[in-house]
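Protein chains in written order, with the working numbering: chain R, 1 to 264; chain L, 1 to 288.
Heads up, a few of these hints could be off.
Claimed, not checked - Residues from chain L that face chain R, not an exhaustive set, calculated with beta carbons under 10 Å: (1) Leu21; (2) Ile25; (3) Val28; (4) Pro36; (5) Ala68; (6) Ser70; (7) Leu75; (8) Asn78; (9) Val80; (10) Thr81; (11) Leu84; (12) Gly85; (13) Tyr95; (14) Val114; (15) Val125; (16) Leu209.
Derived by calculation from the structure, the hints in this document are not laboratory data.
Nothing here was measured: the structure is a model prediction, and the numbers come from that model.
We put the beta carbon where it would ideally sit given N, CA and C, even for glycine.
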Amino acid sequence: MDERPVSLTLKLVALAMFAFLLAPLIVVVPISFSGDSYMMFPPTSWSLKWYPAIFADGKMTSAFWTSLLLACVVTALSLVIALPAAYALVRLKPRGAEALSSLFTAPLLLPTIVLGLAILIVFARYGLLATFPGLVAAHLVVTLPYALRILATALATLPIPVEEAAATLGASPFTVFRRITLPMMKSGLIGTTALCFLVSFDEVVLSLFMTGPRIQTLPVAMYHHVEQQADPLVAALSVLLVVLTLLVVLVVDRTSGLARTFVK
Amino acid sequence: MAAPASVAEVRNRRLALVVALIAPIALVNAFGFLVPVLNLARMSFYEVEPTGAMREAFSLATWAKVVADSFYAELIFNSVTVSLGITLLTLVCSYPIALYLHRSSGTWKTILLVLVISPLLTSAVVRTYGWIAILSENGLVNNALAALGLERMRLMFNETGVVIGLTEILMPYMILALLAGFGRLDRQIEEAASTLGAPPLTVFRRIILPLTLPGIALGCLLCFVLAVSSFITPKLLGGGRVFLLATEIYDQAIVTLNWPLAATLSILVLVIFGAALVLYTRALRAIM
């Protein structure tokens, strides 16, 4: 009888598939240290020139700052907008709360290409295309559903008696929320922050519809760069982005448990 | 001191509070989702004049064009079949990983889970760029083939590249969906079957596979839907030579500026989504 928890065949096949899954992320690392002027694997010579080249590329640096600022603004707004909504829907349980949550998370069901086109047409009418507020609004459409969902789950799983105890001892509803509820939601808040930041920072399809020569986000600038020429610059940028992502993931894992935040 | 509030007053105050708390999200939803989507549906009936200008009218011209022109029938058929192929391939590649993850535990499982989720959190542009590095003329595969004295293969700017790239990009979604559906899988049932003399393949076919069908259905739905609407990877790996619904929508919207046509094709994507959802519900009812 087979007592081993995982059979050797399964292990080997799974590891091969892991290699396939991670291949495109691994392959950019050596290319980022390439000395060639166009992308080649393996590189014929090695150098560190592509990392400084990112910072010399005015388009990439300005796109990076736009994306960073955008992600921060979108994340902050997502928290400020989704938290009251989650509280209202979960705690005050108005009639039709479920229908409302479905409506508010519905943008996630729509393919981003369709959503992008729909937003483009309406935002064009209000002169919001290729503007920072326009980008913020478009990104909020996709970050808010995530934020609402995570925060609502966090709120629904809190032990209510602690809040009741505080209220009984004379704390006003707002004080209870600020001093008891909010600190207990810490892991949900961290998860929301991380996810909104990453979703906004990486968002490319909606942004492609919303950007123009006047304003570009980093993923859009990278997309156009890859479309026009395949040089190792994007590899160096990719390595920096993967490191940034891993850093965010690591922080989330340390503070609230990755599995709980993303899988559940 | 004010008089105690009546029940109606308390209820009204509560309602006002709810409205105030959800007003911001409702505003974003209305302005960024509801209005645009309804507007999109309406725009598919607008008229496009020969000059390319749009006229707010109720016309079936765009729909008639899409129905009559065999290019669009082919486009839709091609999108659906390529997406189905990608879905199947993603399932085959993801299943062993999901099963392995399901059976591992502790730190090792956490590490593997991070490895599955990390690509998900990495931009599709970055991962597609990685695939260009692997599949292009001077890429990993072709240089390896050349080093072995074999002929170079054309792996990019055709459907092969799009299928390989999208399969990998969709794998994390499939793996997570499979894992979510693996709940009924019990090690003891498998052990009972093998104790009773079933060879491993029979255990897989008769025990593991049927128990994991709900996860498979969910993963396939998710991946199919994402494949039909994905656009960055087909655009970069297809190099403008692979025509799919999503890339056509983008081109019509941004390059040709034929918004009614782009809107019509978008509605068709939503129809395909609906059909996939109906099939999924049917399949789920059959296997549960």
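### Hint check, failures only
5, 6, 7, 8, 9, 10, 11, 12 and 16
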